[in-house]
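Undergrad: So the chains spell out like this:
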Amino acid sequence: MSTIKEIQTEITEDFAIFDDWMQKYEYLIDLGKELSPIDEQYKTEDNLIKGCQSRVWLHAEYTKGKIIYTADSDAIMTRGIIAVLINVLSGQSPSEIANAKLDFINKIGLKEQLSPTRANGLVSMIKQMKIYALAFNN
Amino acid sequence: MSTIKEIQTEITEDFAIFDDWMQKYEYLIDLGKELSPIDEQYKTEDNLIKGCQSRVWLHAEYTKGKIIYTADSDAIMTRGIIAVLINVLSGQSPSEIANAKLDFINKIGLKEQLSPTRANGLVSMIKQMKIYALAFNN
Amino acid sequence: MLDINKIRAQFPILNRKVNGKDLVYFDNGATTQKPQSVIDAEATYYANENSNVHRGVHFLSGLATDKFEETRNTVQAFIGAKHNHEIIFTKGTTDSINLVANGFRTLLNKGDEIIISEMEHHSNIVPWQMCCEISGATLKVIPLLDNGSLDMHEFDNLLSKNTKLVSVSHISNALGTVNDIETIIAKAHNFNAKVMIDGAQAASHVALDMQKLDADFYCFSAHKLFGPTGVGVLYGKEEILNVLPPYQGGGEMIKEVSFAKTTYACLPHKFEAGTPNISGVIAFKQAIDFITDLEIAEITKYEEELLKYATAEVLKIEGLKIYGTAAHKSGIISFNIEGLHPYDIGVIVDKMGVAIRTGHHCTQPIMDRFNIPGTARISLSVYNTKQEIDVCVKAIKKAKLMLS
Amino acid sequence: MLDINKIRAQFPILNRKVNGKDLVYFDNGATTQKPQSVIDAEATYYANENSNVHRGVHFLSGLATDKFEETRNTVQAFIGAKHNHEIIFTKGTTDSINLVANGFRTLLNKGDEIIISEMEHHSNIVPWQMCCEISGATLKVIPLLDNGSLDMHEFDNLLSKNTKLVSVSHISNALGTVNDIETIIAKAHNFNAKVMIDGAQAASHVALDMQKLDADFYCFSAHKLFGPTGVGVLYGKEEILNVLPPYQGGGEMIKEVSFAKTTYACLPHKFEAGTPNISGVIAFKQAIDFITDLEIAEITKYEEELLKYATAEVLKIEGLKIYGTAAHKSGIISFNIEGLHPYDIGVIVDKMGVAIRTGHHCTQPIMDRFNIPGTARISLSVYNTKQEIDVCVKAIKKAKLMLS
Ligand SMILES: Cc1ncc(COP(=O)(O)O)c(C=O)c1O
Ligand SMILES: Cc1ncc(COP(=O)(O)O)c(C=O)c1O
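Here the protein sequences line up with chains A, B, C and D, keeping their order.
Here the working numbering is used: the first residue of the first sequence is 1, the next is one more, and so on.
Here the working numbering is used: the first residue of the second sequence is 1, the next is one more, and so on.
Here the working numbering is used: the first residue of the third sequence is 1, the next is one more, and so on.
Here the working numbering is used: the first residue of the fourth sequence is 1, the next is one more, and so on.
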């Protein structure tokens, strides 16, 4: 399995192909559509991360030294970004996740969507992913 | 006795002599010093008109169809302006006072001191003088 | 007739690009843009006149105070208040409503009732919930009809001798419904209830006359009226403001302070504790002058025309549903497209330079009523044009294509 | 060393004439003047970036929100708060104190005590009087010594296990006294009482470090700190802000609203209902940057030098008495001249271009303590000079001559 760093490089290259925002957004929408669904039983209040506008559910499981994340959102653009984040972090070890620097976010131009002041719940989602990593690390 | 209009003209001429604010203010201070004192028994809470900064006491007496005002203030500049106002209004009939247009205020450059938003109680004093006039008119 | 190009020229932000495209600003319900005169007034104040108000005897303090009070007189004339001390400056509509709701706590008893409606902005719900919790009064809610107007029949049923206050919006920010507040006020007064009108969405769109309307309280925000942020107006009838207890304690609002006994100042100062937003209030005058120069009736007419056009155009988009279809509406179109989340629509049209709002618009009970997570909302102002509506509709269509 | 001419050049108002004379602005305790960077920031915001914050997904809304939050981070760094959500934006010091006093109503019981001092500004008196009236708690007052400092011995006597909160000013606006708040905080904490510090007169003059100070609440106004009117800061420790009930109800401060149950948002939003003073908060960042660029320690040093000079110079005027002669003072000189009313002095020096404040400075209990109707007050800022002090002293002498 590739490292977090390698996956980020890959994603950055994937996005570099696109000339304009529209192609990039269409790609994100496709990723959102393809995101493997979260098990319905995990779409609970407890797993809900509330942004002002779109809702995000996040579930984490720890097996064989790795964390497997599944997630969902009611907005498709948010799902697309979730798909990218899961691609990067899911299946990695807690310590790698906890220490990961997610620098692809700036590089592929998702910064706006992932600014701490945005209302889409994604920043809280990343925070929650790291909190799981720290918890499983102990 | 001169009419309110005549007195105002006189006062305007008095002030027109002065070249600068300093002479004008010194004149006002002198008027303030010369203001015939209010009878101490009338310096009551009831007769007190509170500006934020200087206090004004106003007393009115109705005799022989005329209103006689006496007034005082703890600030000398305020006393000076009071002296001018009493000069203009005291000894006139209620209806003349009630209808008086005090246009000398603008002409002699006391507008700043007598703006409705000033904290010296003078505007409230003029209002109170007119209220007495209306009361005695009935 | 209004010369819209001349109007647009007064708003510098309308020249800017967003994401490489001309800005199309349709988020006027959230806040309006500002004409150059308002921007200049703030700058001029700070560069030439800045001083604290109401307290100083020096020149600048007098100047600032005079200008500050000039705005109060301008607002008085704008809404037809009887006295200038019936105009209280607050920091916004939310502040104005809280001021009244806080004061009413002490005037209400268990068994008393407050009536609001299902279409209210959170700012006209939560303060009354807090007020009821503390006073023991009960909150009653006028329900919505399917077209987004108030169920006036139910309103009649809710009114009783227990009703002490009715607080409803003049115009709904999420649905655009213009409420028949004249009737609401008259009916409430029949039961001796006071009426507060949340005019946040009305003051820049329709003419206001407090004498005709006979509302007991009316409030709005300067920032939704081409004015600065951080300034609000609370109008209240003198006799009611006199019995309402003060809200905040502090400088300006007192007559005498001692540890034994503090007495409160007269109106309007009783409700204006502390240093106010002086620059904002002073610049606000320019915003009102902007409106009165255009004539509010002309604005209403033009916006009605825009609304009619926009409604017809968006309805051509298949699967699009408008929430709020009352007969009497202001320039607000809330909609969803079948199968799409409003957030996604908003994010994509933004990339085409079009600023619309998405979400619950601080009106969750409306969203619950229609069982939707939110809507996308176009809200119009007098500087908007039909061409902008065309751009917006095109952008929505593109978003639909991309998202489907 | 500070280059005062360079500093002055940043303040456009300092070039203006008043009554034909160069403005000498010594009313900084009431409000400070604004550097061009602050003025420009407001104008730029309105001309390019204006949008409502925290709600929109469109570009301008994101931009405005980011800038708004940037100021919060700047304030956090400026006062050394642990978290940025410990910074609440209010409309001013008065608003900040009312927010806390209102919340404490529900946390206090009969028999509990609040301690304030005899030197407090009305804004730090009246809210606590209101709080006590409603909660049944008792207000205790630390008396003043003749030199205008707090009677710390009496403070010790007042402190008890009943003390729930102590609220005192960092620096007195009427006397200039710098209180030993470190000691006050430590002593209050020994009794498990919370401490609120009114920093209105401190924040632009002395360095602040919440970690070292350990205050539970600290507040100040932007307009006294070279920033816009209508913006205030309330700092509170996270754990205390979390238990304090919300103040105003409205948009932004909720998590969910329904008529059955409303839940509140997290910090800082819980305390920021409604549209904030967006332009003011954004421009406020420039004001703090102005201070940090100069270095606050340099400002303190320079102002001490000015104070020393001004004190010596005014004391040369016969019959002049200074109120507030504590060992540790900030740049404020409150005085009276035997036989003269401060109002008269103020009116006359104004004619010579000198803006000083006269009156009770919203501290009537101090005036009562010294049995005077008011004082004339010179309050200094970093852009003032010794030459200006000379002009002011000359003007006071002239006033004395005219009035005697
Ligand atoms: C010590 C002190 N506290 C509180 C205040 C009130 O500040 P504001 O009027 O900005 O609310 C002031 C300023 O007048 C002050 O000097
Ligand atoms: C109908 C209505 N009421 C109240 C408000 C609150 O106004 P503000 O945020 O300016 O306090 C708004 C605006 O968001 C509104 O549209």
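Since the hints were derived computationally from the structure, they do not count as laboratory data.
Don't be surprised by glycine CBs; every beta carbon is placed ideally from N, CA and C.
Any given hint might turn out to be false.
Taking lysine-lysine and the BS3-like style, the derived pairs with C-alpha atoms no more than 27 Å apart in a straight line are [claimed, not checked]: (1) C/Lys-400 x B/Lys-43; (2) D/Lys-261 x B/Lys-33; (3) D/Lys-261 x A/Lys-50; (4) B/Lys-33 x D/Lys-398; (5) B/Lys-50 x B/Lys-66; (6) A/Lys-24 x C/Lys-394; (7) A/Lys-111 x A/Lys-127; (8) C/Lys-397 x B/Lys-50; (9) D/Lys-187 x D/Lys-110; (10) D/Lys-82 x A/Lys-127; (11) B/Lys-107 x D/Lys-398; (12) C/Lys-82 x B/Lys-127; (13) D/Lys-261 x B/Lys-24; (14) B/Lys-24 x D/Lys-21; (15) B/Lys-24 x B/Lys-107; (16) C/Lys-237 x B/Lys-50; (17) C/Lys-110 x D/Lys-321; (18) A/Lys-111 x C/Lys-397; (19) D/Lys-187 x B/Lys-24; (20) B/Lys-130 x C/Lys-397.
The following residues of chain D were derived to be distant from chain B, with all beta-carbon distances above 10 Å [unchecked claim]: (21) Pro-12; (22) Asn-84; (23) Gly-111; (24) Gln-129; (25) Glu-133; (26) Asp-293; (27) Ile-299; (28) Leu-320; (29) His-341; (30) Tyr-343; (31) Asp-344; (32) Thr-358; (33) Asp-368.
Undergrad: Could you work out which of the previously given hints the structure breaks and list their numbers from low to high?
TA: 1, 2, 8, 13, 17, 19, 20, 29, 30, 31, 32
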